[in-house]
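As a plain string of letters, each chain reads:
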Amino acid sequence: MSLAIEASNVTKIFGEIRALDGLSFNVKSGEIFGLIGPNGAGKTTTLRIVSTLLLPTSGTVKVFGFDVVKNAAEVRKIISYLPEEAGAYRYLSGLEYLEFMAKFHTKDKYEAREMVNEAAEISGLGERLKDKTKAYSKGMKRRLLVARALMVKPKLAILDEPTSGLDVIHAYHVRDIIKKYVQEHGVTVLLSSHNMLEVEHLCDRVALVNKGKVVAEGEPQELKEKFEGENLEEVFAKVVKIA
Amino acid sequence: MLKGFGNFLLKELKELVRDPKILLGMIIVPLIMFPILGAVMGYAVQSAQEQAVKATLVVVNNDDGEWSNAFISFLQKAGVKVLVENNTVLENGKVLELVSKYNTTQILEIPKGFSENVTAHFSNSSIKASLRFYGVFLGTSVFESVSSSIVDGLVSRFNRAIAPDVLYTEKSTIVKGEIKYGVDPAVLSGLMMSQSIALPITIMILLTYSIQIAATSVAVEKEEKTLETLLTMPMDRLAILLGKLSGSIVVAAVGAIAYMAGYSYLMGSVLTGVTANINIDLASLGLAPSFLGYLLLGVSLFVTMLSALALAVILSAFAEDVRSAQSFVGYIYPFIFLPAFALMYVDINTLPYAFKLVLYAIPYSHPVIASRAITMGHYWTAILGIIYVSAFTIVVMYAASRLFATEKILTAKIKFKRGKRGKKPAEEFY
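Chains as they are written, first to last, in our numbering: chain A, 1 to 243; chain B, 1 to 430.
Careful: at least some of the hints might be erroneous.
[As the list claims (entries may be wrong)] In silico DSS-like pairs for lysine-lysine, Cα to Cα no more than 27 Å straight-line:
| # | chain 1 | residue 1 | chain 2 | residue 2 |
| --- | --- | --- | --- | --- |
| 1 | B | Lys-225 | A | Lys-138 |
| 2 | B | Lys-14 | A | Lys-155 |
| 3 | A | Lys-77 | B | Lys-176 |
| 4 | A | Lys-179 | A | Lys-138 |
[Unchecked claim] Derived DEER-like restraints, expressed as beta-carbon distance ranges:
| # | chain 1 | residue 1 | chain 2 | residue 2 | range |
| --- | --- | --- | --- | --- | --- |
| 5 | B | Ala-258 | A | Lys-107 | 50 to 58 Å |
| 6 | A | Lys-107 | B | Lys-225 | 24 to 32 Å |
| 7 | A | Tyr-89 | B | Ile-201 | 53 to 61 Å |
| 8 | A | Glu-228 | B | Lys-225 | 38 to 46 Å |
Rather than coming from a laboratory, the hints here were simulated on the basis of the structure. Don't be surprised by glycine CBs; every beta carbon is placed ideally from N, CA and C.
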């Protein structure tokens with residue numbers, strides 16, 4: 001199986017703070033890969049580097065063979081990034097927002113409409129898509145944004161805390177959307193979460209990140225067996241202790 | 001007293017006073033700006049008065065009688081530098097010849113029969129003696145009216161000493177080398193002032209509005225976390241910058257048109273009344289800008305606006321939210337207000353060299369300078385200003401495009417903390 005992401009010995013330094021400290025991991029094409037770890041572990045920085053927003057201080061990251069620094073424009077054509085606290089334009093309706101985003105990916109009107117229809121279905125927002133996004137609840141907004149990220153059928157979807165701030169029902173819905181979409185369209189997903197139980201159910205493989213380093217990597221079941229934990233939370237606690 | 005009001009007010013005041021952006025923008029900047037403005041204007045008034053007093057008044061004495069000689073002595077005793085030219089018929093060409101010969105801006109003619117009329121006045125108060133005043137209009141400063149006013153003052157003093165209302169002055173203005181009979185330079189100067197105030201105010205409002213719009217539009221993208229998504233889209237990042245600038249320009253232009261329409265209606269209604277009474281038509285005097293003039297002014301305004309917007313985009317890129325962005329761009333305002341206020345009243349050429357240099361260096365001065373220059377047909381002044389502001393704009397636009405091309409657009413932040421300024425590491429990123 002080809003590699004969707006190859007991150008090799010990545011460091012990122014902000015002033016005096018070393019956010020990433022030699023982080024390495026690989027993501028296979030077509031899998032859901034989770035970066036898990038506590039707040040401040042370096043998950044968001046990693047996602048931002050993969051999505052070409054930040055430059056690594058050292059090390060390399062390749063997305064389907066394209067270097068995120070040297071071939072940033074190529075990378076942007078095949079990825080879709082959902083930031084953790086992303087918002088939508090308050091004075092655009094949900095539909096207008098989706099149309100606006102679709103037009104960056106295609107000049108063909110028919111194709112753009114297809115994308116918007118796809119997003120409408122993913123989001124499940126129905127008639128509410130005609131409302132301005134300022135009238136949306138947090139859950140509705142997140143569903144809209146997840147739909148936006150997936151509607152373009154990217155080769156790689158980068159989702160930062162996709163269920164962040166959502167209640168149980170909405171979080172379940174968003175997880176369901178992601179899983180279904182990957183199964184149906186073969187999209188590769190790199191996501192981050194500090195909710196380890198969620199990741200356990202969603203991801204094919206995970207990397208445990210702590211203090212800017214990957215401290216363990218593998219399938220959730222494999223990690224639980226290896227570190228004799230009942231769930232990934234226990235595994236993480238044990239790994240951090242050992243590290 | 002409302003329950004909890006005092007406590008809440010105290011909290012509000014603490015927050016406001018401790019916010020260095022507010023302290024600087026609202027208190028310290030005005031405290032510095034207005035004294036500077038006061039000094040500039042004070043200097044201008046003083047120098048205009050000094051110049052008017054020191055300036056040579058060419059007196060053409062076509063009367064050469066007892067009273068005309070008495071009047072000339074009176075002027076000399078009052079400290080006016082008088083040059084007397086005897087028996088010269090003041091036709092159109094002769095007035096201009098004298099202006100050029102003596103390098104003067106004011107000529108006073110004592111017509112034949114002056115002394116006779118003054119003497120006759122004592123037996124018949126309806127007989128009065130006239131003087132003819134010619135003032136050169138340069139259109140540079142509102143204080144041009146000073147010389148005309150000084151002559152008025154001297155005539156009044158002479159009248160008080162001899163007999164009330166014995167002398168009166170017929171005034172004419174020399175505009176662009178042509179004598180406009182019956183046009184008082186002071187009235188013309190006042191009329192031009194109303195125009196020279198209208199435009200700087202419009203420019204000031206236009207620039208501040210558009211700066212606010214640009215700063216807010218960038219800051220909102222950051223505050224609402226939409227910028228991150230946008231930066232990962234398959235699009236040219238320069239398109240984001242240009243889109244922001246163009247959007248702001250369009251909104252500001254619509255606002256400017258609405259503002260200009262309202263303001264011109266106001267000025268029109270005011271000026272109609274004024275011009276009806278004094279019968280002055282600026283267009284027929286050659287003091288209304290030509291098409292080329294308007295074109296140059298439009299270009300000057302456009303490049304200035306572009307430079308201000310680009311600077312606002314850069315500054316707001318360092319802000320974390322809309323409030324900070326608006327505070328940051330607040331630092332641009334003194335550079336807009338100072339030239340606008342100063343150049344409303346003062347001719348830049350009469351200022352000390354250092355002030356002149358400062359005003360020319362501020363890009364936002366140039367549309368105001370251009371507005372004055374095009375009225376008088378000095379197109380090169382406007383063109384040089386456009387070249388300077390364009391160069392400044394290119395530098396700022398380049399810096400803005402570099403900012404948008406790198407991660408700095410997300411990570412660059414200026415944090416005000418305990419009076420120290422410095423870049424704050426973006427800790428929420430990891």
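Check each numbered hint against the structure and report the violated ones by number, ascending.
When the structure is compared with the hints, numbers 2, 3, 5, 7 turn out to be violated.
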